[in-house]
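Undergrad: Each chain, letter by letter, is given below.
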Amino acid sequence: MEILYRLLPLRFALLGLVAFLSNSVAADELKLNALLVWGTNELKPEGKDFKPLPEELRNGLRPLRWKNYYVVKTEGVVASKKVNKVVLSERCTLTVQKVAPNQVETQLFNPLSPTPNKPVFGQRLDFKDGHRHAIAGDSKDNWDDAWAVYLVPAE
Amino acid sequence: MTHTNMKLEQALEIQALVDGQLEAVRKPEVQRLIQEDVAAAALALELSALHTVVRTHESALTVPESREFYWSQIQRRIVAGDAVATRKRDSGTILGWIRWLAPALGVAAMVVVISRALIGPVGGPVASADVLTFRSDIDRVTIHWIN
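Chains as they are written, first to last, in my numbering: chain A, 1194 to 1348; chain B, 87 to 233.
Because the hints were derived from the structure by calculation, they are not lab data.
Treat the hints with care, as some may be off.
Simulated restraints, written as ranges between beta carbons of each label pair [claimed, not checked]: (1) A:Val1276 x B:Leu191: 35 to 43 Å; (2) A:Pro1238 x B:Arg221: 27 to 35 Å; (3) A:Asp1337 x B:Gly192: 43 to 51 Å; (4) A:Lys1244 x B:Leu191: 50 to 58 Å; (5) A:Glu1235 x B:Leu191: 52 to 60 Å; (6) B:Trp183 x A:Lys1224: 53 to 61 Å; (7) A:Ser1306 x B:Ser177: 52 to 60 Å; (8) B:Ser222 x A:Pro1304: 30 to 38 Å; (9) B:Ala190 x A:Asp1242: 54 to 62 Å; (10) A:Val1276 x B:Thr179: 47 to 55 Å; (11) A:Lys1244 x B:Ile224: 22 to 30 Å; (12) B:Asp223 x A:Pro1294: 15 to 23 Å.
Cross-link-like lysine to aspartate or glutamate pairs, in silico, DMTMM-like; alpha carbons within 25 Å at most [as the list claims (entries may be wrong)]: (13) A:Lys1224 x B:Asp216; (14) A:Lys1224 x A:Asp1319; (15) A:Lys1321 x A:Glu1222; (16) A:Lys1260 x B:Asp225; (17) A:Lys1224 x B:Asp225; (18) A:Lys1266 x B:Asp225; (19) A:Lys1333 x B:Asp216.
A short, non-exhaustive set of chain A residues, derived as facing chain B with CB atoms under 10 Å [unchecked claim]: (20) Glu1249; (21) Leu1250; (22) Arg1255; (23) Trp1259; (24) Leu1318; (25) Asp1319; (26) Asp1322; (27) Gly1323; (28) Ala1327; (29) Ile1328; (30) Ala1329; (31) Gly1330; (32) Asp1331; (33) Ala1341.
Glycine included, every Cβ here is placed at the ideal spot set by N, Cα and C.
Modelling step: build the complete structure from the supplied sequences, incorporating the hints.
TA: Right, dumping it as structure tokens:
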């Protein structure tokens, strides 16, 4: 019993070290949700299970001209020191890498393009205070439609 | 002797005639003036006498140094003058470059500051130049539109 008391400071120290390390790991990571969004003036096509984009996120797309925004796919991705990749569609692959506090180097690739290794988008994005980013462009599949990759910090 | 009735130009022309500096075109008229006008004749006579006196009694000035030394000094002054002119031209060239570069550097500095201000809060290098960025702090979102 006495030896347990003697080891008590050591146990607290180990506990603190674990907490510190876990906190450091957490600080080196940023969890993001990547939403592949379809913007259109048409109604949702029959047989597709697309959900409307949540209103809060939809408000952020007010500068764009489309009436309806549907979430085609949602993927969670962790931005860490190493480059992490997530496939959102056959035309859209996302890579993220945390390069500084709240800063994520983000690249989008189109594997079906003639230059699949050349990013169609590449920027260091700042997610400070929950700031979001929507990377968008005209749809190559449907004329007058748009696509967007909405990057939202996970709660 | 006074020549109050004579114009200054006439007096100067008479003096020029006496000194042999008058234009050939003007000589007949000035000579006619001297023959017809008493005052003009008197002035011409007076100036001629003075001219003769000066020429006769003028003492010759001699340079104490030898001819070679005298000319070498002149040559040195000319060479020194050329060197100064070259230095001035060189410094003028440098100043000219600075005058040209100063506004360019100012513009470059402004471009750097503005681009840092625009790109800084959003992110770093742009892979594609055809990306338009719209930031809304109210909606906490930045839209990156790829053209």
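Undergrad: Going back to the hint list, which numbers does this structure go against?
TA: 13, 23
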